[in-house]
Amino acid sequence: MVINLKKHESAYGLGIISIFLIFAVLFLTVFATLAVSSARADYRLSVKNADYVKKYYMATAECAEFVQQAEAAYSDEVPTAVSSGNIEGDRIKYDMTFNIDENSGLHAVFYIAGSGCEFTTFEITTYVIGSESTGEQTVNVWQP
Amino acid sequence: MSDTGRKSSLIMIELMSAMLIFSICCAICVGLYVEADRESKNSARLTQAVFLAQNAAELLNGDYEKNLTSVLNMKATDNVYTAQYDENWQPTSETGHYVLIITVDAQKGIADILVTEIGTEVYRISAGIINLNGGNV
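Line by line, the protein sequences give chains A and B.
Residues in the first sequence are numbered consecutively from 7, following this note's numbering.
Residues in the second sequence are numbered consecutively from 20, following this note's numbering.
Treat the hints with caution; some may be incorrect.
[To be verified] Listed next, the stretches of chain A that the computed footprint assigns to chain B, with coverage defined by at least 3 CB atoms under 8 Å from CB atoms of chain B:
{"no.": "1", "region": "40-54"}
{"no.": "2", "region": "66-72"}
{"no.": "3", "region": "91-98"}
Simulated from the structure, these hints should not be mistaken for lab results.
Ideal Cβ positions, reconstructed from N, Cα and C, are used throughout, including at glycine.
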């Protein structure tokens, strides 16, 4: 009986460890980079949204201040309009746009009368700048 | 040195250098994951603060005093309304991690809405107090 004492050698040669290492490092780096870029994009979007919300409510604050001024200027005996108001009988109509940013504005139409203020339009107007024509798109924030 | 011995020492050197490179890369990647986690938490915090401030700003339309106290359970002191929130943005009666503070200026028709985290400002807006169904304030 002959016993084979020949030493058994590994099927994988020198360098298999380096190949595993390259793949492991590659996967780790790719996923870490993706996680960071995704989180940063998410944060940038949050900041952008926060800025727009801040600008929108700043426009509503301007509108509210204007309404206060218009109501203060109004009197039942002699109706007077503040800047762009139009006197229509015993009430004054205001058609105002308060800028939110360079691409949109808050469009408000309201009447000031002895009974108070009545809004007919309160919407966001977006200025669409196309290659051929410039138009407007509106989003109703509130409908009477 | 025999051929087998030389091969073993080469594998050992390769293994050790691989472990070293892997450790360095792991340390860098852990740093990147920590950075991603921090950015993600900042983003979530800002989004929640914006949501809360926006919600409060919308409640200013109409009878704001009633809206703020009944819907957001805010406590009123003169013209300042406050509400406390815990770490998970849930309302709490105790001193909260996050605080919503609304300062109303009825004469000007505007309100200052501030969200803080342990005294530090997270988000702040100025909003108009407009009653769309009948004037403002």
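Here is how each hint holds up against the structure:
1. Interface restraint, the region 40-54 of chain A with chain B: holds (10 residues with C-beta to C-beta distance below 8 Å; minimum three).
2. Counting residues of the region 66-72 of chain A whose beta-carbon sits less than 8 Å from any beta-carbon of chain B gives 6, enough to reach three: the coverage restraint holds.
3. Check on the region 91-98 of chain A: 0 of its residues sit with their Cβ under 8 Å from a Cβ of chain B, so the three-residue criterion for coverage is violated.
In this structure, the one hint that does not hold is number 3.
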